[in-house]
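Peer 1: Chain B: place on chain A using the hints.
Listed here are the chains, written in short residue letters.
2 protein chains.
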Amino acid sequence: MKLLISILLFPLMLICEDLPSWNEGPAKEAIVKFVKESTLPLEERIAVFDNDGTLWVEQPLYTQVVYAIDQTGIKDDIYKAVAKAFSGMSVEASSEAVKKWLKTARHPRWDKPYTELTYLPMLELLEYLRKNGFKTFIVTGGGQDFVRVFSEKVYGIPPEQVVGSMGKTVFTFKDGKSDLMREPKLLLNTNYGGKPEGIHLMIGRRPHAAFGNSDGDRQMLEYTQNNGLQMLVLHDDAEREYSYGSATGLPNSKVGTFSESLYQEAMMRGWTVISMKKDWKHIFSFEKKE
Amino acid sequence: MKLLISILLFPLMLICEDLPSWNEGPAKEAIVKFVKESTLPLEERIAVFDNDGTLWVEQPLYTQVVYAIDQTGIKDDIYKAVAKAFSGMSVEASSEAVKKWLKTARHPRWDKPYTELTYLPMLELLEYLRKNGFKTFIVTGGGQDFVRVFSEKVYGIPPEQVVGSMGKTVFTFKDGKSDLMREPKLLLNTNYGGKPEGIHLMIGRRPHAAFGNSDGDRQMLEYTQNNGLQMLVLHDDAEREYSYGSATGLPNSKVGTFSESLYQEAMMRGWTVISMKKDWKHIFSFEKKE
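Top line first, the protein sequences correspond to chains A and B. Everything in the first sequence is counted per the working numbering, starting at 1 for the first residue and increasing by one. Everything in the second sequence is counted per the working numbering, starting at 291 for the first residue and increasing by one.
Worth double-checking, as some hints may not be accurate.
[Claimed, not checked] With a cut-off of at most 25 angstroms between alpha-carbon atoms, the simulated SDA-like pairs for lysine to any residue come out as follows:
no., chain 1, residue 1, chain 2, residue 2
1, B, 425, A, 42
2, A, 168, B, 471
3, A, 177, B, 327
4, B, 425, A, 150
5, B, 425, A, 267
By construction, these hints were calculated from the structure, which means they are not laboratory data. Bear in mind that the values here come from a model prediction, so they are computed numbers and not experimental data.
So that you can see chain A by itself, here it is in the shape it has in the complex:
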């Protein structure tokens, strides 16, 4: 059935343009050149994406933190809020709670569910890479299990392809029922150097394409340095999204620092900086409908 659909849709696929929400320019060119010229064997086609600020909005606060504050009422210490919101229950109960919250929570600026605040050009990029045999992974600094709740539906990325900060769980078995209970203990923080460490732990190979947007992604890009395509999303579009990160004179922000030194490293190493303002025709899919 799947095969039949593929055969029928094939002529259509040839007509449809790839990356339709990307403007012509150096960013789109770098992507297309990388994919068209790639001679990588299929099993080496691994691409990794940061989540917050790379695939979806991270302002004014990471969605996971908004969730944790909502669930616990703790506003003055976000680490404490996150630790409390994600421990003392089974992994399945925890995921159910996130799932339920995502259905009703709305972003204050757009009054839309957080899962609609994904960047359309990046969704197209995920699809384009997969169409060309790449296996796409998320490598978030946020909680692995938080992102797993929506990754398959929103990004087409299954739970086993989500790498993120990992908490300790403990197996229990009682009256024929098994559970994994969450402990308030971190096994690995997948920010900074923790990103390549998490990639090795979960994937076991060096990726050939890496996408991020902040200082927390620097080491992930360094890890794929001699190995393909590296890109950084620059939030320079206050009108359609936000403008922040300190690079190139943008205002600093509580989350998602894109420092001057990261910008300089990108220039030095040939990493491509994506300007949301210049490179993206649309930012969200709902823009096209409204």
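Peer 2: Below, chain B without anything else, positioned relative to chain A:
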């Protein structure tokens, strides 16, 4: 090209018998019934396999331990040998050393490379499950990175689908060259309760089929308890392989305990015990050639 090959091979696939090295009996029946009657959506088709004693020979010592003793000379403390053999170097250097060793090392009983001492019926089972849309994972109590070195070539299982005991690594970046250095610190021991904990960490879903052979796999089978197929390989064939495990009066052994209580739990919960002697026509692929 892949598509074309699939179309051409399809009539051949219909003729070829599944699981040719399995004798007719309750074990083969349980597998075929599970697969034929499964209504699981594709993304839920996850099957997990222990490695030592389930997919390949684990006697007289786990292969990883033989390697560690070979590399370090430490014979009296296998934990110390393993810790030493797998730390103080980059993950890539470590994998290269294992790869090199596997090319020349020979099992004392058969004088064959360890990678030829895989169980042919289990290789057929992996293939049969994959043909029916299952994603196959290894969940070894041994070192994740040790098994990753040969899993793709030997089992058709890529590194990102190998779950095992995980060591801490530290990212380094110097003169434009990045490495992950191994530390002698365990993040997670994936034996006993650590198996389901590792499954959640790496896969994020409950598997629907689980295969093991010892007390270390008990919790993994309990975790999939109400969820499909559970099987245990019983080593009861001293002539063609080994006979050990204490269950049903078999001699006890340093590695791979299959206790009387595990056997009783299997009977109580409807887990299927695979008798190597009765259920397997061949044990190794080289038997057929000789």
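Peer 1: Decide, hint by hint, whether the structure agrees.
Peer 2: Results for each hint:
Distance check on the hinted pair: residue 425 of chain B and residue 42 of chain A sit about 17 angstroms apart at the alpha-carbon level, within 25 angstroms; holds. As the CA atoms of residue 168 of chain A and residue 471 of chain B are separated by approximately 23 angstroms, the hinted pair is consistent with the 25 angstroms bound. Between residue 177 of chain A and residue 327 of chain B the alpha-carbon distance is near 24 angstroms, which keeps this suggested pair within the 25 angstroms criterion. Of the supplied pair hints, the one linking residue 425 of chain B and residue 150 of chain A holds, its CA atoms being roughly 20 angstroms apart against a limit of 25 angstroms.
With a C-alpha separation of about 41 angstroms, the suggested pair residue 425 of chain B and residue 267 of chain A falls outside the 25 angstroms cut-off, and the hint is violated.
In summary, the structure is inconsistent with hint 5 from the numbered list given earlier, while agreeing with all the others.
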